[in-house]
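Chains as they are written, first to last, in full-length UniProt numbering: chain U, 1 to 560; chain C, 1 to 448.
Everything labelled a hint here was simulated from the structure, so no lab data went into it.
None of the values given here were measured: they were computed from a predicted structure.
Take these hints with a grain of salt, some might be off.
Simulated crosslink set (DSSO-like; lysine-lysine; CA at most 27 angstroms straight-line) [what the hints assert, rightly or not]:
1) U:K263 - C:K256
2) C:K362 - U:K202
3) U:K263 - C:K143
4) U:K204 - C:K130
5) C:K157 - U:K194
6) C:K124 - C:K256
7) U:K196 - C:K157
8) U:K273 - C:K362
9) C:K143 - U:K273
10) U:K241 - C:K124
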Amino acid sequence: MGDWKTITVPVLSSDSKNIFQYTSEKKMSPPSLNTQVLRLPLPSSKSMHTFFSAFCTEENIEQSISYLNRELTTLGFPSIYAESKGKELNIISVINCMNELLVLQHKNLRAQEEVEMQHLKLGSDMDHLQNCYAKLKEQLELSKREIVGLQERDRQLQSKNRNLHQLLKNEKDEVQKLQNIISSRATQYNHDMKRKEREYNKLKERLHQLVMNKKDKKIAMDVLNYVGRADGKRGAWRTDKTEARNEEEMYKALLNDYEQRQKQLLMENAELKKVLQQMKKEIISLLPPQKQKPKERSEDGPVLSDLEEDIGELNKENMWELSCETVREQLTNSIRKQWRMLKNHVEKLDNQVSRVHSGALNDKDVISREDHELETEKLELEIQQCKEMIKTQQQLLQQQLMSPCDDDTTLLLQDCYLLEERERLQEEWRLFREQKKNFEKERRSFTEAAIRLGLERKAFEEDRGAWLKQQFLSMTTDYKHSENVTTPSAFLGSSDQDNRLVNSISQQRKPHCMLSVPIPAEPCQMSQCISHNSSNAGSKKPAGDNKPNQWEESDKEETE
Amino acid sequence: MNFSELFKLSGLLGKFSPDGKCLASCVQYRLIIRDVNTLQILQLYTCLDQIQYIEWSSDSLFILCAMYKRGIVQVWSLEQPDWHCKIDEGSAGLVASCWSPDGRHILNTTEFHLRITVWSLCTKSVSYIKYPKACQQGIAFTKDGRYMALAERRDCKDFISLFVCSDWQLLRHFDTETQDLFGIEWAPNGCVLAVWDTCLEYKILLYSLDGRLLSTYRAYEWSLGIKSIAWSPSSQFLAIGSYDEKVRILNHVTWKKITEFEHPASITNPKTIVYKEVEKSPSVETERLSFPRRALASSLFSAQSKYDISQVPVSLQYVKPIADRANPKIGIGMLAFSPDNCFLATKNDNIPNAVWIWDIQKLKLFVVLEQLGAIQSFQWDPLQPRLAICTGNSKVYLWSPAGCVSVQVPMEGDFQILSLCWHSSGDSVALLSKDNFCVCYLEREEVK
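Let's have the full structure, built from the sequences with the hints guiding it.
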């Protein structure tokens, strides 16, 4: 854009009289890339001083002029000599040349400035990246240190743990030891006790003998008269019979006790059985009727079914009365089965209830949508994270590419990446490059198409102009020339606008490329290309005005 | 609630007769028999020395008075006041005396547990049982009075002898797997005998009447073990109180532990009701001051108390036992089932002011009574779930599932109730102090 302006301004100020200026410019700028343009002013600025001081003197003015002329012609300027091949200078041409040179100089300065700017930008970018790199390096260092710290801590904890284990083991040993001590003491104590008790028993025996043998008169019962027994019976002699009777009674008592217990257990059992039966019945009644229905259907009449049920119940009751051993498993199994069924049923019902409940609260769709939204949110987040990751990866890649000189960093970066990751990145990089190439290709074809379109239009306009001219000429040959000039110019103006539109389209594509292309060198080049085009387009406007034949030249250049 | 006047008493010797008609009490060497209803003196017997122990015969016809210092037992008949019987153990000495369940034999344990002499009141016969074990509870009769279990010690081993009480025939004799047997107790149905070891070892053995070992239970090792046990009246549960401040309940089918009741100093379960006795200053009413009756006057000056329901959590007063003393004051020292099997009252010796009442049907702590003084004694009403508690002051405390009351005994002077015993009908309680006793009559309405 800037290029375009810089060119148009001098054109407007110089009253657009001369064709040479533009032709020369066109000759020079389109084929040569900016690098060539950049190179041109450098030797000239260098040699400027020497030229001024020693280039032209009174003596060698002729040679200087001829030299200049030669130089200029090689550079594509028209000769500064007059047409007549004499040694006369064409002042106008000289001035034009000078002006052209000055303009060139200006342009070169501008370009230089720009390049410097770019250089600065790149330098700052570089700085930034270096900073980034330094920061990352620091981070790396920090995390390394952290890792070391953590490892140290881990080691400490492990050693502590080992110590504690040791302590625990020691304590256990201690406990074992103490237990052993206690038990040994206990046995010792028991032994001593036994010894003492034996002594004591001996003493007791002795005492007993002494006390009893003394025929202690005192030991006696002094009673007025013997009383009757509580039950009124006389005391029976102790015989074998009584012994047997006592045994019998004892066993009777025991038996009674056991019988009583058995009765209690039986009662308890009966109660429990009743409960179980009831439960079973209730479970059956509670269970979904589907299982019972076929049975009922199979039975013909209600009377029959009743009878059968009765029989079944009778059987069941009999079954209940049987000792548990025979029925136990059946019973428990059936109860378990039914219980499971009931449980399933209840669970099903619960599920249904919950579903109904949820349905009543809000539609299924809403829930699904909510879920969906949640899911999408999650996914979006994931995407963002992935993008960020990719960005960082790209940055790192750039860094790697931008500073290949820094062996340390490359090594570091190479170390940073796992082989796999690097491969993946390289793959990505390759893909990306391909994409870029495609983009460029597309862009080129697009611009070419645009140019072709423009040319076609120009041709068409020319044809039309010519046609109109012919018509005009054929109709009124005595028409003024001024009108002849203005009418095509109006048409041309419109075509220019179209051209500009095309350019703007190509320029609009530029920021898009900038976004997708991460390398700063690339967009720079591209913008140059584009600016080049635009400058072309801009220069067409006045050129088209003056000389239609000039277009052929520019066309040639473009097709080249 | 009514109270009789105070009567003199010595040695906490006051007992209702088993038939519930008479009340025997001792003052020094005199035995006084009163009518329960009128408290008039029916008989007055004079013994040879200060009486140390009295016991009614099962048919309430005789009463024995033991004078251990002299080695003499004197027996008195209520029907024939002039009938007398004196048993002299002579130089063998006497440390314990008791009736056999038939009420016609007296079992005397001589000094050093040399032997047990069985004296008959019906015949001249005397029997000896050698090697009785010197332990807390060495003799146990079944509730029906048919059998007697006796702990013996021979050759440093513990034995149990089962006797038929009617003719003192040895029915069974077997050794027990105990280090140092400490006590024996029959289940109320008379078919299972619980035998527990010394407190050094937690061990309880259960024997059938025919001498078979039914089961052994050990809760833990090493630390001090069983302190007290109690059978439920239905013989269904055996509660074992131990030094670890827990009560363990065994069932009668598998003899395994059903549950254990801890006795922590802080009660956190909000379902437990905690009654806390609080003193309230006596309300001085001018009317009563103007006509001060003697009984009321005394009660006016002694502090009144009532129960407050404490908000859970409650922390109870905890006494730290002295570690280097033998028989430390820690663990469950008293426990008793209510006659209907529904409740178990316990006392943890290191929380001396609290009685814990457990609901046996739910196997949960039901009520805690926190008294101002240390619990001296508690006893269940023999007919209904009603617990009488005394704490060594002049108040008697009654708890029933409906609630609890603190009753000041309206007596002049110092009356510190140390023990109490219920009348067999559950209508009255004898409150015993060191020097006096009185009878507390409970109204019939309350009984409902």
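Quick rundown of the hints versus the structure:
{"no.": "1", "hint": "U:K263 - C:K256", "in the structure": "21 angstroms, holds"}
{"no.": "2", "hint": "C:K362 - U:K202", "in the structure": "53 angstroms, violated"}
{"no.": "3", "hint": "U:K263 - C:K143", "in the structure": "22 angstroms, holds"}
{"no.": "4", "hint": "U:K204 - C:K130", "in the structure": "11 angstroms, holds"}
{"no.": "5", "hint": "C:K157 - U:K194", "in the structure": "9 angstroms, holds"}
{"no.": "6", "hint": "C:K124 - C:K256", "in the structure": "47 angstroms, violated"}
{"no.": "7", "hint": "U:K196 - C:K157", "in the structure": "13 angstroms, holds"}
{"no.": "8", "hint": "U:K273 - C:K362", "in the structure": "23 angstroms, holds"}
{"no.": "9", "hint": "C:K143 - U:K273", "in the structure": "35 angstroms, violated"}
{"no.": "10", "hint": "U:K241 - C:K124", "in the structure": "23 angstroms, holds"}
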